[in-house]
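2 protein chains.
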Amino acid sequence: MSTIRDVAKEVGCSTATVSRALSNPEKVSKANLKRIHAAIDKLEYRPNMLSQQFRNKQANTIVILVPDIANLFFSTVISGIENVAQSKGFNVLLGDTRDSSEREKNFIKLVETKQADGVIQLRPYSEDSLLPKKFVTAVNACGCENNPYPAVRIDNVDAAKQIVDYLVSLGHKKIGVISGLEENPHTIDRLKGYKQALSAAGIKFDPELIAKGDFTLWSGLNASDHFIRMSNRPTAIMCMNDEMAIGAMKGLKAKGINIPSDISVTGFDDMEFAKYSDPALTTIAQPAEKLGEKSAELLFQLIEGKNPQQTEHILPVEFIIRQSTSAPKN
Amino acid sequence: MSTIRDVAKEVGCSTATVSRALSNPEKVSKANLKRIHAAIDKLEYRPNMLSQQFRNKQANTIVILVPDIANLFFSTVISGIENVAQSKGFNVLLGDTRDSSEREKNFIKLVETKQADGVIQLRPYSEDSLLPKKFVTAVNACGCENNPYPAVRIDNVDAAKQIVDYLVSLGHKKIGVISGLEENPHTIDRLKGYKQALSAAGIKFDPELIAKGDFTLWSGLNASDHFIRMSNRPTAIMCMNDEMAIGAMKGLKAKGINIPSDISVTGFDDMEFAKYSDPALTTIAQPAEKLGEKSAELLFQLIEGKNPQQTEHILPVEFIIRQSTSAPKN
DNA sequence: CTGTTAGCGCGTTCAT
DNA sequence: ATGAACGCGCTAACAG
Chain L
1 MSTIRDVAKE VGCSTATVSR ALSNPEKVSK ANLKRIHAAI DKLEYRPNML SQQFRNKQAN
61 TIVILVPDIA NLFFSTVISG IENVAQSKGF NVLLGDTRDS SEREKNFIKL VETKQADGVI
121 QLRPYSEDSL LPKKFVTAVN ACGCENNPYP AVRIDNVDAA KQIVDYLVSL GHKKIGVISG
181 LEENPHTIDR LKGYKQALSA AGIKFDPELI AKGDFTLWSG LNASDHFIRM SNRPTAIMCM
241 NDEMAIGAMK GLKAKGINIP SDISVTGFDD MEFAKYSDPA LTTIAQPAEK LGEKSAELLF
301 QLIEGKNPQQ TEHILPVEFI IRQSTSAPKN
Chain H
1 MSTIRDVAKE VGCSTATVSR ALSNPEKVSK ANLKRIHAAI DKLEYRPNML SQQFRNKQAN
61 TIVILVPDIA NLFFSTVISG IENVAQSKGF NVLLGDTRDS SEREKNFIKL VETKQADGVI
121 QLRPYSEDSL LPKKFVTAVN ACGCENNPYP AVRIDNVDAA KQIVDYLVSL GHKKIGVISG
181 LEENPHTIDR LKGYKQALSA AGIKFDPELI AKGDFTLWSG LNASDHFIRM SNRPTAIMCM
241 NDEMAIGAMK GLKAKGINIP SDISVTGFDD MEFAKYSDPA LTTIAQPAEK LGEKSAELLF
301 QLIEGKNPQQ TEHILPVEFI IRQSTSAPKN
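These protein sequence lines are chains L and H, in that order. Note that my numbering has the first sequence beginning at 1, numbered continuously upward. Note that my numbering has the second sequence beginning at 1, numbered continuously upward.
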């Protein structure tokens, strides 16, 4: 592979001129410019970016820390990040952490060792978080309340409250929940909204109505069992994401329970599949792609050394009513 | 940020010794080793990987070219690639091409310019492919027949044939297809299998029975219309992926058509959702994660300069029978 | 507009 | 076991 020196030799000029021809062509004479490009073509010269990055002390790369790449919500956020990164000429390194601190640490090290210029964390902040960290430019996307470093997120408390408010307005009084893992910040925030709405409606909180899941389809199916066994079933179930809602509906329907006439079900996220489930799912639409874009924009401001005046952005959600909810029977 | 020189100065040794302490600790005296690590801790020294990569002429990075990251099948393949890359100490750069040649070109350039050591292409080979390319170590994953560079894939022709064979064995004679875009190699291969199976069963091919989709949920819903309008409907529909099958089932059910008693429906891929659709989908399970792992292993062999004896790997699929298929009525 | 020079941080000789 | 010196490919500073 030829280097900038080979090109210079071929043309009969200095390497500086070749370098300039590539980055500041206006500072090079037309004649040289032409000969240089001819030489580049002839020698199939490709600038060595490793050298450039080394020289410029910039990798032009950002890292995304994602708990699970094979999750549609996350991959949509990533799509949004990628949009902005491309327009900035940055590459996106994928850090599939699988909820392992070890892996997360290694990806963060990429920033400490200059292989990447910043990181976007898709996991919400909690006690065991490795971020924020010295020397590591970072932004949190899709997190929760009280994130101690720059963040872009939705208001989970309010979103959950909207769902329950709506169910209450339909006449539901006994509203079950299929939650995520209990220490998960999303679970905490959304449960908080659930309780606020109940309280506003004068309904007493009943821990029996909370079934634990882990955001997977299977856990939703599994959790539906908890309600099926109850003698006095809830008339509605708020699921903390769409996957669990779809799993739960599968479980309920298998027992001959009709949705929504026997039990209403709601989701959270509005993934593409929510429209196509049977019945179509009433859910909260998160602006997944926007979350990605906004967080990337914020990160680039940080990387460029600008002090963004606003370090927490809360994006609006949309409550989407479909066919999985209705008023309870009498 | 401190450099290797600062550490050397702190310890009172040469940079060479520090360098060795990090990469060949056995060549350094215990005493120095200890003092060097102490100095590293004190100065918070982190080796500059940009410099290392430049020096070693290796970025320790591979690129994945993926048409659409927000697609569950692809993200599962990526998961598999990531598994292997991590164990090799390589980073994974995400190239979300959105079917744009321009973007694809830019990502391939990363390899030409040394920012990455190799590339895994998730889009099947076709006329307009930018790969194979000189100076670019590449592997194709999830492709089709006649891929002109190293590849890992399934046998799409045979998989489609299996589906149709099964439908025929149930007694179906009029079998519709919801296909992908017609130039798409997957469409071509799967259609070939469909035709082979028909031919083996002595059933004449009828182009009227092919409805065109584009692998999205919506296109499946849309294509179902084509069959609903027909006076003499097929008794089974083979969809070229699970998304379209789920979309189609939505459309059919909306018109009061029962699945499978009125029309059987099959998918392709076996994504997680296939189990949870209503009815659960009969489909071909692609070993998505395995495809990723195997292709990554093949790529690393190429990168390491080993000449793999086998440059095309065909992985087995599994035909999974669920509730969306049955014998036709009467 | 162009060339010369120097150095980014590291690893690797080749000595000792 | 250790250090001095060099150079990877490129760009910025300076001089002309």
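Treat the hints as calculated values from the structure; they're not laboratory data. Honestly, I wouldn't trust all of these hints.
Identical copies go unnamed one by one, so any copy, or any two together, can satisfy a pair.
[Claimed, not checked] Derived EDC-like pairs: lysine to aspartate or glutamate, alpha-carbon spacing no greater than 20 Å straight-line: (1) Lys-192 to Asp-214; (2) Lys-134 to Glu-183; (3) Lys-253 to Asp-278; (4) Lys-255 to Asp-278; (5) Lys-105 to Asp-41; (6) Lys-27 to Asp-99; (7) Lys-290 to Asp-68; (8) Lys-133 to Asp-41; (9) Lys-253 to Asp-128.
Results for each hint:
1. In this assembly of identical chains, the alpha carbons of Lys-192 and Asp-214 lie at most 20 Å apart only when taken from the same copy (17 Å versus 42 Å across copies).
2. In the homo-oligomer, the alpha carbons of Lys-134 and Glu-183 never lie at most 20 Å apart, since the shortest distance is 26 Å inside one protomer and 51 Å across protomers.
3. When the C-alpha separation of Lys-253 and Asp-278 is checked against a cutoff of 20 Å, the pair qualifies both within a copy, at 10 Å, and between copies, at 9 Å.
4. In this assembly of identical chains, the alpha carbons of Lys-255 and Asp-278 lie at most 20 Å apart whether taken from the same copy (15 Å) or from different copies (13 Å).
5. In this homomeric assembly, Lys-105 and Asp-41 come within 20 Å of each other (Cα to Cα) only across copies, at 17 Å, whereas the closest approach inside a single copy is 43 Å.
6. When the C-alpha separation of Lys-27 and Asp-99 is checked against a cutoff of 20 Å, the pair qualifies neither within a copy, at 51 Å, nor between copies, at 37 Å.
7. For the homomeric pair Lys-290 and Asp-68, the shortest alpha-carbon distances inside one copy (19 Å) and between copies (17 Å) are both at most 20 Å.
8. In this assembly of identical chains, the alpha carbons of Lys-133 and Asp-41 lie at most 20 Å apart only when taken from different copies (16 Å versus 45 Å within one copy).
9. Neither within a single protomer nor between protomers do Lys-253 and Asp-128 lie at most 20 Å apart by alpha-carbon distance, with minima of 39 Å and 47 Å respectively.
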